[in-house]
Amino acid sequence: MTPALHKDLIRIDGVSHTFTTESGSLPVLDNLTLGVPENGFTAIVGPSGCGKSTVTRLVAGLLKPDAGSVWLQGQEVTSPRSVVGMAFQNPVLLEWRSILKNVMLPLEIVSSSLSSAAREARARDLLKLVGLAGFEDKRPSELSGGMRQRASLCRALVHQPEVLILDEPFGALDAFTREDLWQTMHRLREEEPFTGVLITHDLREAIFLADEVIVLSGRPATVQYTKALPQRGPRSLDQLYTPEATETLNILREQIKIAREGEEPGS
Amino acid sequence: MRQVFVPVLAIVLFLLFWEGLVWVNDWPNYKMASPSDLWPAFWRFKWLFLTFGWETLWRTVVGLLIAIVVGVLLGMVMGFSRVLREGLYPLLVGFNAIPKATVVPIVALMFVGQHDLNTVLIAFMISFFPIAVSVSIGLSTLEPEYRDILRALGASQMTIFWKIALPKTLPEFFGALKVAVTLAFIGTNLMEIVSPHGRGLGALFDSGKTNSDYPLMFAVLISLAVLGIALYYVVVVLERIFAGWAERQTD
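Taken in order, these protein sequences are the chains called H and Z. The numbering used here puts the first residue of the first sequence at 28, with every later residue one more than the last. The numbering used here puts the first residue of the second sequence at 5, with every later residue one more than the last.
Bear in mind the hints are in silico, worked out from the structure with no lab data behind them. If you're wondering where the values come from, they're calculated on a predicted model, not measured in any experiment. Check the hints yourself; a few may be wrong.
To be verified - Some, not all, of what chain Z presents toward chain H, calculated at C-beta under 10 Å:
1) D152
2) I168
3) A247
4) G248
Unchecked claim - Okay, derived cross-link-like pairs now, DSS-like style, lysine-lysine, Cα gap no bigger than 27 Å in a straight line:
5) K213/Z / K104/Z
6) K167/Z / K128/H
7) K167/Z / K155/H
8) K165/H / K155/H
9) K50/Z / K35/Z
10) K50/Z / K213/Z
11) K167/Z / K91/H
12) K165/H / K172/Z
13) K167/Z / K182/Z
14) K254/H / K284/H
15) K104/Z / K50/Z
16) K155/H / K128/H
17) K254/H / K34/H
18) K167/Z / K165/H
19) K128/H / K165/H
20) K128/H / K172/Z
21) K172/Z / K182/Z
22) K35/Z / K172/Z
Glycine included, every Cβ here is placed at the ideal spot set by N, Cα and C.
Could you put together the complete structure from these sequences and hints?
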């Protein structure tokens with residue numbers, strides 16, 4: 028372990044994990060080691076079912092690794108901690124609450140010193156930032172898929188978590204809505220500093236949003252390839268269509284191909 | 005306006021059809037009483053209808069309330085624990101499959117003379133099953149992400165239940181409650197009819213039978229239907245208040 032890695036805000040150290048199912052045991056992670064520096068944004072890509080979501084559940088403390096350890100801010104993760112915010116492919120908004128009350132939900136759990144007026148103001152500010160001003164009192168069912176996902180991002184960030192975990196949050200959206208939300212992500216990153224982990228199937232999304240892209244091997248997953256991107260912070264969509272971007276995409280695509288070939292057949 | 009007018013019109017048409025059917029076939033009232041025979045029966049026994057109607061109503065409601073408490077608890081236990089669900093399910097299905105008409109004499113013998121207790125007990129036994137099943141299905145089919153958004157913040161199981169699992173199950177619960185209301189009425193009346201020296205509308209039906217007063221028997225049936233409709237709409241109002249969000253907006 029190099030000293031530099033110890034400065035990482037998120038640190039996954041030699042983690043192996045096996046699920047026990049009715050048809051036997053299924054090893055998903057094999058000696059996985061990776062780190063994300065403070066305020067960094069790392070995208071994790073890999074073949075379907077390679078254990079990417081397991082990584083997010085480990086970092087959130089929802090799952091304990093069989094071997095190895097997970098560290099947040101230099102402390103070993105043994106149970107869920109409120110420094111984490113999560114958003115999934117399914118926005119999982121509560122249908123009986125207004126958008127505003129949905130966003131305020133984490134503040135009801137995390138013991139914070141904020142007054143109720145301050146909580147509401149915080150939620151309203153975030154909704155405004157993602158372009159949902161005026162929709163605070165709507166029900167989730169009255170919003171489009173993209174708007175629901177925006178609200179879900181606000182909920183993940185409302186308690187100002189150190190770590191934002193995004194598990195394919197844009198996977199179910201159409202291409203144009205997805206590109207809008209990518210730009211919203213950059214805006215959020217500017218206004219709300221966080222350390223991010225993004226699980227995705229979309230290589231363009233990975234290189235547009237992240238500082239670093241990690242390719243996981245097929246199951247059981249370990250880090251196969253790491254690509255640091257030249258840019259940090261906001262960028263324009265045009266930059267996805269430069270020769271450099273195309274080259275990066277090709278390298279990553281090649282790596283995914285290798286990862287898939289390495290998988291046991293039939294899995 | 006339309007919401008009141010259409011159901012009232014439907015009832016009036018039904019009564020006219022009924023009256024016409026009896027008149028055309030020239031049925032005597034021991035074969036089928038007609039609506040015009042019922043008013044005299046109601047009027048003659050109006051105090052009995054009021055007091056016995058009240059007896060039937062309160063027993064049904066008490067039986068139903070017990071069914072809600074027991075059903076929700078059973079549903080929670082089965083919804084949260086897979087082992088208990090697998091263990092309890094066949095037992096509950098078996099219990100539910102027994103026709104309650106066969107249980108009535110057993111219960112009547114078990115608690116001889118305890119007419120109120122017997123009646124409430126049968127109303128409860130017949131109506132808790134759909135509630136237990138709906139709550140358990142509602143809880144066990146909760147998508148894991150819903151739990152995870154709160155669990156990741158360190159929320160307790162109790163907090164997750166109150167903030168997410170319970171409200172999310174309410175639409176299923178009210179759907180089952182609508183079924184349970186009618187079932188509880190059937191339970192109450194089964195016991196009232198079978199019990200000797202019973203009270204309630206079921207007992208009034210039974211005395212109509214003993215005295216060959218056919219219009220009275222039909223009048224009891226109608227008053228049971230009226231009580232059933234009233235209680236059903238009480239549940240509908242409660243559903244609007246507590247689970248109105250689940251209704252699709254139509255505009």
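Worksheet item: Which of the numbered hints are not met once you compare them with the structure shown?
Response: Numbers 15, 22 - these are the hints that the structure violates, sorted from lowest upward.
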